[in-house]
Amino acid sequence: DAGITQSPRHKVTETGTPVTLRCHQTENHRYMYWYRQDPGHGLRLIHYSYGVKDTDKGEVSDGYSVSRSKTEDFLLTLESATSSQTSVYFCAIRPAAGPTDTQYFGPGTRLTVL
Amino acid sequence: EDQVTQSPEALRLQEGESSSLNCSYTVSGLRGLFWYRQDPGKGPEFLFTLYSAGEEKEKERLKATLTKKESFLHITAPKPEDSATYLCAVREGEGAQKLVFGQGTRLTINP
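Each protein sequence line maps, in turn, to chains A and S.
My numbering numbers the first residue of the first sequence as -14 and each following residue consecutively.
My numbering numbers the first residue of the second sequence as -19 and each following residue consecutively.
Just chain A, with the same shape it has in the complex:
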């Protein structure tokens, strides 16, 4: 699991409430990513980070924000959750060593917005 934990693993929330998902890594990797996975769409990049306080948008960033105040934690926030954000969210890291382009994924968070 590449030393990645995600929390919570499951969450049910109501439309309009704020939600924060946490990705934690133990190996000091510089690059971290948030994806969502939906039937019929595959995995799509939401945001990514290339260092503390350095983040950028992916292809489906609307309605999401991220923060990275420490190397080990990358937070994904839904400011006001909508039913269209019901999905499975995966965090990934990219080690600087080894196959340098390879991303390794966490176990995922299943989010349901009612």
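Simulated from the structure, these hints should not be mistaken for laboratory data.
All values reported here derive from a predicted model rather than from experimental measurement.
Some hints could be false.
[Said to hold, decoys possible] Quick list of simulated restraints, FRET-style, between CB atoms:
hint: 1; chain 1: A; residue 1: E64; chain 2: S; residue 2: P91; range: 45 to 51 Å
hint: 2; chain 1: S; residue 1: S4; chain 2: A; residue 2: G25; range: 14 to 20 Å
hint: 3; chain 1: S; residue 1: A33; chain 2: A; residue 2: G25; range: 28 to 34 Å
hint: 4; chain 1: A; residue 1: G1; chain 2: S; residue 2: P91; range: 44 to 50 Å
hint: 5; chain 1: S; residue 1: R41; chain 2: A; residue 2: K42; range: 35 to 41 Å
hint: 6; chain 1: S; residue 1: S0; chain 2: A; residue 2: E57; range: 38 to 44 Å
hint: 7; chain 1: S; residue 1: S4; chain 2: A; residue 2: D58; range: 36 to 42 Å
From the three backbone atoms N, C-alpha and C, an ideal C-beta is built for every residue, glycine too.
Let chain A serve as the given structure and place chain S on it in line with the hints.
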């Protein structure tokens, strides 16, 4: 726009029946093609990275190959434990961080 298309969407085989999964792509400046395996309720598990046409990688019963337009994941004499969804992704361009994923092939191996 970058496109990654996997076929078939689903494949059911008998144990020991070899086959291939296809991943075709259209990107400008391929910087890597990646294969992952995903079991239900889990995150994708990295299998292979291929960088240039003609390259091949093997792991147990799996062999990945790459041409200029597509990649194949060959499965030889599969076992039921090879049942999973197999995902293909491409990374394009210098400095690009984005992986573009296909929708996956759901493989079922019957005993």
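To see whether the hints hold, each was checked on the structure:
no. : hint                       : in the structure
1   : A:E64 to S:P91: 45 to 51 Å : holds, 49 Å
2   : S:S4 to A:G25: 14 to 20 Å  : holds, 18 Å
3   : S:A33 to A:G25: 28 to 34 Å : holds, 30 Å
4   : A:G1 to S:P91: 44 to 50 Å  : holds, 48 Å
5   : S:R41 to A:K42: 35 to 41 Å : holds, 39 Å
6   : S:S0 to A:E57: 38 to 44 Å  : holds, 40 Å
7   : S:S4 to A:D58: 36 to 42 Å  : holds, 38 Å
The structure meets every hint from the earlier list without exception.
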